[in-house]
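Be aware that the sequence shown starts at 30, since it is given in our numbering, and climbs by one per residue.
Calculated from the structure, these hints are not laboratory results. All values derive from a computational prediction rather than experimental measurement. Accuracy of the hints is not assured; some may be wrong.
Stated by the list, open to error - Here are the in silico distance ranges between beta carbons for each label pair:
1. T213 to T101: 45 to 51 Å
2. E284 to P244: 38 to 44 Å
3. S112 to A337: 14 to 20 Å
4. R345 to R176: 29 to 35 Å
5. S269 to V350: 15 to 21 Å
6. R172 to A126: 30 to 36 Å
7. S283 to T335: 32 to 38 Å
8. G271 to P160: 43 to 49 Å
9. P57 to P353: 25 to 31 Å
10. T289 to G256: 47 to 53 Å
11. P382 to V234: 50 to 56 Å
12. G229 to T335: 31 to 37 Å
13. P57 to P223: 38 to 44 Å
14. D361 to S310: 16 to 22 Å
The C-beta atom is built at its ideal place from N, Cα and C for all residues, glycine as well.
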Amino acid sequence: MLAPRFRPLPLAITVLVAIATPAHAAAPTLAARAWILVNPEGDVVLASRNADTRLPMASTTKMMTSLVAVQTASANRRVLVPSSAVTVGESSAGLVAGEQLRVSDLLKGTLIASGNDAATALAIATAGSVPAFVARMNARARRMGLRNTHFANPHGLDAPGHYSSVRDLVRIGEELMTEPRLRTLVGQRRATIPGPYGVGSRRLVSHNTLLDTNPDVDGIKTGQTRGAGYSIVVHAARASLGVELYAAVIGAGSEAARATETDRLLRWGFRQYGRATVVRSGTPVMRVPVRDRPGTWVTLNTGGTTLAATLRLGHRTFERVEIPRQVVAPVDRGEVLGRVVIRQDGRVLGTRPLVAADAVGAPGLVDRFRAGIGALLP
């Protein structure tokens with residue numbers, strides 16, 4: 030608590046008026062069964078619907094498949110594609126039984142082409158069997174604290190006991206984006222792998238059309254089954270704001286609706302933030318008494334450079350001034366005597382030192398006498 034005798038001067042936080050105004054329009058309403066938008070800094074949920082509902086999640090499953098595989102398998106290891114992998118059906122990377130491919134190629138086939146054959150080949154190559162691999166997937170989910178996720182296969186086809194929630198899918202997506210090899214792959218719309226038995230090449234194309242249409246998007250994974258509808262997990266980052274967002278959608282009505290609704294959700298999310306100056310350098314903040322120079326005060330100005338930060342619009346910003354109740358002479362001009370801390374939603378936006386605006390000389394005999402008398406008075 031600041032001493033009552035302090036004489037406060039206005040703190041130059043130019044955004045206080047702006048953030049007192051309403052934020053942008055309410056979150057868009059999506060027709061999908063479940064969706065969520067998260068800012069990973071502080072794990073802030075900006076908007077959601079049915080965030081913890083257990084639902085089939087289709088090929089977004091392959092995020093966990095790739096995470097588990099990349100932990101144990103060398104990227105250059107050559108893997109024999111078993112016939113059980115190529116007979117899974119539906120989404121395929123065009124693998125041929127008996128051919129050999131590197132793990133890195135199978136990861137491309139899993140994450141870019143969303144091949145059920147590639148995901149199954151990875152599972153068998155790294156764990157010896159699909160059940161053993163699925164056990165590893167579920168163990169990883171438990172370690173991550175995913176309460177609404179359970180896997181029954183490595184590819185994502187509808188099956189009893191195979192489900193997740195959009196909140197959990199975002200968490201898996203966050204984990205994947207910390208793995209450099211996987212992060213690079215999910216940002217690619219197109220890629221190639223060697224053709225059957227090393228002859229020619231196979232062209233892989235991702236169903237994540239947002240990689241082409243939204244410049245902020247750099248991943249992660251789509252999916253589609255009868256039970257899940259059209260699903261997606263997306264990461265997007267806007268450098269001008271210094272903000273990144275994750276979105277997950279399950280149960281969109283079509284591929285086009287999935288892309289349109291997710292794009293709308295992301296663009297709305299970025300509109301919730303803005304850059305602003307929160308502390309201007311050289312601004313007077315407080316006056317502090319000099320203990321051994323009675324009647325003398327030191328003005329404290331903000332030091333350092335002007336502080337700009339990304340703010341969540343419509344949310345209060347708080348400044349905390351940390352200064353001594355009084356100072357002792359002499360004081361040098363520019364001497365650091367305190368600091369100001371700017372916070373929003375429990376997050377520190379930045380700090381700046383508070384420095385003496387002017388020098389104060391050492392106390393003379395009269396100053397010492399007056400200070401001594403003052404100390405004796407009640």
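Status of the hints after comparison with the structure:
1. About 19 Å separates the C-beta atoms of T213 and T101, a value inconsistent with the hinted range of 45 to 51 Å.
2. Judged by the Cβ atoms, the range 38 to 44 Å given for E284 and P244 is violated: they are separated by roughly 20 Å.
3. Checked against the hint of 14 to 20 Å, the pair S112 and A337 fails, with Cβ atoms roughly 60 Å apart.
4. As the Cβ distance of R345 to R176 is approximately 32 Å, the hint placing it in 29 to 35 Å holds.
5. Between S269 and V350 the beta carbons are some 30 Å apart, a value that contradicts the proposed interval 15 to 21 Å.
6. Between R172 and A126 the C-beta distance comes to about 34 Å, which sits within the given range of 30 to 36 Å.
7. Hint check: S283 to T335, Cβ distance near 48 Å, so the stated range 32 to 38 Å is violated.
8. Separation of G271 from P160 is about 44 Å and conforms to the stated range, judged on CB atoms against 43 to 49 Å.
9. Distance hint check for P57 and P353: the Cβ-Cβ separation is about 50 Å, which falls outside the suggested range of 25 to 31 Å.
10. Between T289 and G256 the C-beta distance comes to about 22 Å, which lies outside the given range of 47 to 53 Å.
11. P382 and V234 have their C-beta atoms about 54 Å apart, which keeps the hinted 50 to 56 Å range intact.
12. Separated by about 58 Å at the C-beta atoms, G229 and T335 break the suggested range of 31 to 37 Å.
13. Take P57 and P223: their Cβ atoms lie about 43 Å apart, and the range 38 to 44 Å holds.
14. At about 18 Å, the CB distance of D361 to S310 agrees with the hint of 16 to 22 Å.
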